[in-house]
Amino acid sequence: DARVTQTPRDKVTEMGQEVTMRCQPILGHNTVFWYRQTMMQGLELLAYFRNRAPLDDSGMPKDRFSAEMPDATLATLKIQPSEPRDSAVYFCASGLGQGAGELFFGEGSRLTVL
Amino acid sequence: AQSVTQLGSHVSVSEGALVLLRCNYSSSVPPYLFWYVQYPNQGLQLLLKYTTGATLVKGINGFEAEFKKSETSFHLTKPSAHMSDAAEYFCAVSEYNNNDMRFGAGTRLTVKP
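Residue numbers (our numbering), protein chains in the order written: chain A, 1 to 114; chain F, 1 to 113.
Accuracy of the hints is not assured; some may be wrong.
What the hints assert, rightly or not - List of simulated lysine to any residue pairs, SDA-like, C-alpha gap at most 25 angstroms:
| # | chain 1 | residue 1 | chain 2 | residue 2 |
| --- | --- | --- | --- | --- |
| 1 | A | K78 | F | R102 |
| 2 | F | K68 | F | Q42 |
| 3 | A | K62 | F | Q2 |
To be verified - Label pairs and their in silico Cβ distance ranges:
| # | chain 1 | residue 1 | chain 2 | residue 2 | range |
| --- | --- | --- | --- | --- | --- |
| 4 | A | T5 | F | N61 | 18 to 28 angstroms |
| 5 | A | T76 | F | L20 | 35 to 45 angstroms |
| 6 | A | A2 | F | E15 | 27 to 37 angstroms |
Unchecked claim - Counterexamples of contact, computed for chain A against chain F with all Cβ distances above 12 angstroms:
| # | residue |
| --- | --- |
| 7 | P8 |
| 8 | V12 |
| 9 | E14 |
| 10 | R22 |
| 11 | P61 |
| 12 | K62 |
| 13 | D63 |
| 14 | R64 |
| 15 | S66 |
| 16 | E68 |
| 17 | D71 |
| 18 | T73 |
| 19 | K78 |
| 20 | D86 |
| 21 | G101 |
| 22 | T112 |
No lab work stands behind these hints, which were simulated from the structure alone. Beta carbons are placed, not taken as given, at the ideal position from N, Cα and C, and that holds for glycine.
Next up, chain A with everything else stripped away, as it sits in the complex:
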């Protein structure tokens, strides 16, 4: 049963600490998206990749956030330093790289920054 896997599922950390979230896309998918979900802002697109190359990260605060794909089976989203306003659920989704294709979502990483 192919699925997008995200770790950690839950993370509580203190302000100023580095946080790294990981995502394993579905094998064979060549697009990967990072979304952030909060009550106030809803679902926001942070960044996305096609064939491991970043296509758009304009939704991401550049000073503290970074997203990478070290290889086709791993995407990472890093926050350094973390702030309380970063508290949210972060979703990774993968797809087959076509506009008509659906995205498959992971179960999310819930981040709480104290």
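Start from chain A and add chain F according to the hints.
Relative to chain A, chain F alone:
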């Protein structure tokens, strides 16, 4: 860039009643339209999608949506609500020439016994 607007952040219906969740889109090219559902503490799951062809699209769990180009709408309906339909529903749009999928703010559906 393309975008969607979901009218109504909360919708409440009685069990057995019609469900209607509204979505309007904006796109400079023919859009691809999607409805996703999110249950508590889970990721989003695809309900249905419109790409080309028939404008009435049927999805899982008895949901369907109709693409109306003249109204730039893609409303989601279900004839008879079930308690298990209670969830958050997201409309989304992408375009043929990019992979940038944009989501609406979501509509929380409550089903009353």
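> Using the C-beta atoms of T5 of chain A and N61 of chain F, is the stated range 18 to 28 angstroms upheld?
Replying inline: holds (25 angstroms)
> Does P61 of chain A really sit off the interface, with its C-beta more than 12 angstroms from all C-beta atoms of chain F?
Replying inline: holds (19 angstroms)
>> Would the non-interface assignment of G101 of chain A survive a Cβ cutoff of 12 angstroms against chain F?
In response: violated (8 angstroms)
> Is the nearest CB of chain F more than 12 angstroms from the CB of S66 of chain A?
Replying inline: holds (20 angstroms)
>> For T112 of chain A, is the shortest CB-to-CB distance to chain F above 12 angstroms, so the non-interface label stands?
In response: Label holds. Min Cβ-Cβ 14 angstroms, cutoff 12 angstroms.
>> Confirm or reject: R64 of chain A is not an interface residue toward chain F, with every Cβ-Cβ distance exceeding 12 angstroms.
In response: holds (23 angstroms)
>> Does E68 of chain A clear chain F by more than 12 angstroms, comparing its Cβ with all Cβ atoms of that chain?
In response: The assertion about E68 of chain A holds, with a minimum of 18 angstroms to chain F.
> Would you say V12 of chain A is clear of chain F, with no C-beta pair closer than or equal to 12 angstroms?
Replying inline: holds (16 angstroms)
> When you look at the beta carbon of D86 of chain A, is every beta carbon of chain F farther off than 12 angstroms?
Replying inline: holds (19 angstroms)
> Do T76 of chain A and L20 of chain F keep their Cβ atoms within the hinted range of 35 to 45 angstroms?
Replying inline: holds (40 angstroms)
> Would the least Cβ to Cβ distance between R22 of chain A and chain F come out above 12 angstroms?
Replying inline: holds (15 angstroms)
>> For K62 of chain A, is the shortest CB-to-CB distance to chain F above 12 angstroms, so the non-interface label stands?
In response: holds (18 angstroms)
In this structure, the hints that do not hold are numbers 2 and 21, in rising order.
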